[in-house]
Amino acid sequence: MLYLNLAIIGMTEGAVYALLGLGLILIYRSTGVLNFSQAAMAMCSAYVAWQITTSAPWLTVWGALAITIAFGALMGAGLYYLIFSRLRDSPPVARLIASVGVAFILPALVRVVWSGQSERGLHLPFQFGSGVVKFSSIALQVQKLGLIAVTVGCGIGLHQWMKRSVTGTALRAVAQNRMAAQMAGVPERRISAAAWAIGGAMAALAGALYVPLAYLDPNMMIPFLPKAFAAALLGGLVNLPMGLVGGLALGAVESVFRGMHGSLPRLAETVGALGIVAFLLIRIERFFVSEHELKAIEQ
Amino acid sequence: MSAGVEALRVPRQVSGARPVGKLFGIAAAAVAVTAFAIPALTGSYWTYVFTYFLVYAMIGLSLVLLTGYVGQISLMGATLVGLGAFTSAAVEVHWGWPFWAAALSAGLITLPFSLLIGFPALRLRGLYLAIATLAFAKLIEELVFKGWPWLTGGFSGMQVHRPHMLIPFESDARYFWLVLGVFCAVLAFTYNFSRSRVGRAMRATRENELAAQAMGINIVKYKMLAFFLSGVVAGLAGALQIHLSKAGSFEAYRFYLSFLIFVMVVIGGVRSMWGALLGGVFLILQTELLRGVEFLTRFTDIAFGVGLIWVVLSNPEGLAGYLRDQWAWVKEKPRWRALVAVAFVAFDIGTMWLLVHFGGQKGAG
Chain B
0 MLYLNLAIIG MTEGAVYALL GLGLILIYRS TGVLNFSQAA MAMCSAYVAW QITTSAPWLT
60 VWGALAITIA FGALMGAGLY YLIFSRLRDS PPVARLIASV GVAFILPALV RVVWSGQSER
120 GLHLPFQFGS GVVKFSSIAL QVQKLGLIAV TVGCGIGLHQ WMKRSVTGTA LRAVAQNRMA
180 AQMAGVPERR ISAAAWAIGG AMAALAGALY VPLAYLDPNM MIPFLPKAFA AALLGGLVNL
240 PMGLVGGLAL GAVESVFRGM HGSLPRLAET VGALGIVAFL LIRIERFFVS EHELKAIEQ
Chain X
0 MSAGVEALRV PRQVSGARPV GKLFGIAAAA VAVTAFAIPA LTGSYWTYVF TYFLVYAMIG
60 LSLVLLTGYV GQISLMGATL VGLGAFTSAA VEVHWGWPFW AAALSAGLIT LPFSLLIGFP
120 ALRLRGLYLA IATLAFAKLI EELVFKGWPW LTGGFSGMQV HRPHMLIPFE SDARYFWLVL
180 GVFCAVLAFT YNFSRSRVGR AMRATRENEL AAQAMGINIV KYKMLAFFLS GVVAGLAGAL
240 QIHLSKAGSF EAYRFYLSFL IFVMVVIGGV RSMWGALLGG VFLILQTELL RGVEFLTRFT
300 DIAFGVGLIW VVLSNPEGLA GYLRDQWAWV KEKPRWRALV AVAFVAFDIG TMWLLVHFGG
360 QKGAG
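Residue numbers (numbering that gives the first Met the number 0), protein chains in the order written: chain B, 0 to 298; chain X, 0 to 364.
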């Protein structure tokens, strides 16, 4: 029972891995960018959420959350139009380097904009209230439950949207064959920007919902990045539901390891890294997409 | 048949390939002048900073050997540097080894790790390799750096003394000479290596693996060799670094530093060894010159980020390529363009001088 409780609590952090991972997958699949700035985007959005809640309290936490998500989406689309749309024909490594550049710029911008305040450990109020839910011996803060629920909802919703909606179909078409999609009349740039916007919105959601459980810091999201990669890699960087499962499972496993005795808690941090190496070596992505599509993404 | 295969092998000497020879005298003179001018003209602080620059340039060279020569991306530079640093410190502190043996073991300790990382890396390309090296860095940090206090001294870190080999290298100026000597050796090696048969085979591997294989180049062998060489240079640089600052804990070798090293080399120009030097200059100047001007320090990371994006958008060969283009531009019409170039360089140096002079940089006083 203790371990079950630990696993469920761990899923809170797992939800953050999953939300970031979903964004990574969406962006990687549609534009071939392995986005190292995903965590920085989440951090940036968290600061925006804080600013809105403090300077416009009448908006309530939900209004602030909505604006933050819109901000994240705009940031994602803006980054695509400004930088990554120009790198469509560059090698994948060049796109990766550009995203590392963005990951350097965003925290520095936050330090400039919120200078003096950025290091003070600012807090954000809970969106879901500060209550605690109990089922028999398992206790969980409502905020954590809300974060997990939103993440699961996002994962399933995005997957369905990708499968059913016109935009989602267009996105998959662009991922499979950009040229053919363009010839079929898909506005390829706008569709890719939409993928970045959703990726940015996911990052914003992760940042805004997680910060009430921690405190604001320009570096706060950095440790989440490698784990978000691990989560996304369970889906081979292309499969959304597996990314969701990967994130939640990684959070749960880490938490259970931390609750064990002896030297096992120290191993918690290595689970994600071991996962990355294992998934890469078995080339897990081949279970989710055809060889043809893989080539299209890797170009 | 065998003769035919022999004919297809990479030639030993190609036109334009020039081993160190004619330039040797000029280079030696330049090094000698630097060795005496830096400690004599600048204070102890700037000698220290310059030594730091040499160490960073050496770390940059290790990445150029790997990323520039065979095109393998590594985001674990800091981890290999840390391994070298801690190994040299541990064998000195616990076993009392002399500095030269410690530095040698710092270089060699990276070999098994390179082997461990290199073999999976052979299966992975580009992006996947970048994530894999990130994961390896995390694993080594957790299992070796944090899990083995004998090596790293735990959270308090390791303390070491500057070496004493025949003469003491205790002072900043003397230690600067030592680092300069090692650095020049590594630089000369890299310079010759890139023009050697092995170096050309490596660059062929980078450009097109299939074509290289068709030429009879054993790409597995050359990739592994690049991993080994890069690791040894990084480990050696680590030993020099920890003896420079005389102390170090694993907090200093986390992945922010790996990213910084990567950024530095990409901005400098990953394809040539001059890129490592220019990257080192960029990094050190950025952080040291702006250190005094509190307001500007916030912009260093922005400068790194903008630099990276500038490189991928318009200048894949980084500062090294940019300067080469400018040099060609000057040579085209030397009369007035040389003036522009001189004015530009003078303006840059003047700005730096102003920053140092009126920035009131800390640490010098």
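Watch out, some of these pointers could steer you wrong.
Pulled from the structure, derived: some chain X residues nowhere near chain B, Cβ distances all over 10 Å [said to hold, decoys possible]:
hint, residue
1, Gly125
2, Gly146
3, His160
4, Gly306
Here are the simulated lysine to any residue pairs, SDA-like style, with alpha carbons at most 25 Å apart [to be verified]:
hint, chain 1, residue 1, chain 2, residue 2
5, X, Lys245, X, Pro38
6, X, Lys145, B, Lys162
7, X, Lys245, X, Tyr255
8, X, Lys145, B, Val252
9, B, Lys133, B, Leu121
10, X, Lys145, B, Leu273
11, X, Lys145, B, Gly258
12, X, Lys145, B, Val151
13, X, Lys145, B, Leu266
14, B, Lys294, X, Pro38
15, B, Lys294, X, Arg124
16, B, Lys294, X, Pro315
17, B, Lys294, X, Leu209
18, B, Lys294, X, Asn207
Calculated directly from the structure, the hints in this document are not laboratory data.
Nothing here was measured: the structure is a model prediction, and the numbers come from that model.
No residue lacks a Cβ here, since even glycine has one placed at the ideal position from N, Cα and C.
Results of checking the hints against the structure:
Against chain B, the non-interface label of Gly125(X) is violated: not every CB pair exceeds 10 Å, the least being about 5 Å. Distance check for Gly146(X) against chain B: the nearest CB is about 6 Å away, which does not clear 10 Å, and the non-interface claim fails. Every CB of chain B lies more than 10 Å from the CB of His160(X), the least distance being 31 Å, so the non-interface label holds. Distance check for Gly306(X) against chain B: the nearest CB is about 7 Å away, which does not clear 10 Å, and the non-interface claim fails.
Taking the CA atoms of Lys245(X) and Pro38(X), the gap is about 19 Å. The hint holds against a cut of 25 Å. The straight-line distance between the Cα atoms of Lys145(X) and Lys162(B) is roughly 45 Å, outside the 25 Å bound, and the hint therefore fails. A C-alpha spacing of about 21 Å is found between Lys245(X) and Tyr255(X), which places the hinted pair at or below 25 Å, so the restraint holds. With a CA separation close to 20 Å, the supplied pair Lys145(X) and Val252(B) stays within the 25 Å bound.
Taken as a hint, the Lys133(B) and Leu121(B) pair is broken in the structure, with Cα atoms around 29 Å apart against an allowance of 25 Å. Proposed proximity of Lys145(X) and Leu273(B) is supported: the alpha carbons are some 17 Å apart, at most 25 Å. For the given pair, Lys145(X) sits about 19 Å from Gly258(B) by alpha-carbon distance, which is consistent with the 25 Å threshold. A distance of roughly 34 Å separates the Cα atoms of Lys145(X) and Val151(B); the hinted pair therefore is violated under the 25 Å criterion.
Distance check on the hinted pair: Lys145(X) and Leu266(B) sit about 11 Å apart at the alpha-carbon level, within 25 Å; holds. For a cut-off of 25 Å, the pair hint linking Lys294(B) to Pro38(X) is broken: about 55 Å separates their Cα positions. Distance restraint check for Lys294(B) and Arg124(X): the Cα-Cα separation of roughly 12 Å lies within the 25 Å cut-off, and the hinted pair is therefore satisfied. At most 25 Å may separate the alpha-carbon atoms for a hinted pair to count; Lys294(B) and Pro315(X) meet this at roughly 23 Å.
About 16 Å separates the Cα atoms of Lys294(B) and Leu209(X), which keeps this hinted pair within 25 Å; it holds. Restraint check for Lys294(B) and Asn207(X): the C-alpha separation of about 17 Å stays at or below 25 Å, so the hint holds.
Hints 1, 2, 4, 6, 9, 12, 14 from the earlier list are contradicted by this structure; the remaining hints agree with it.
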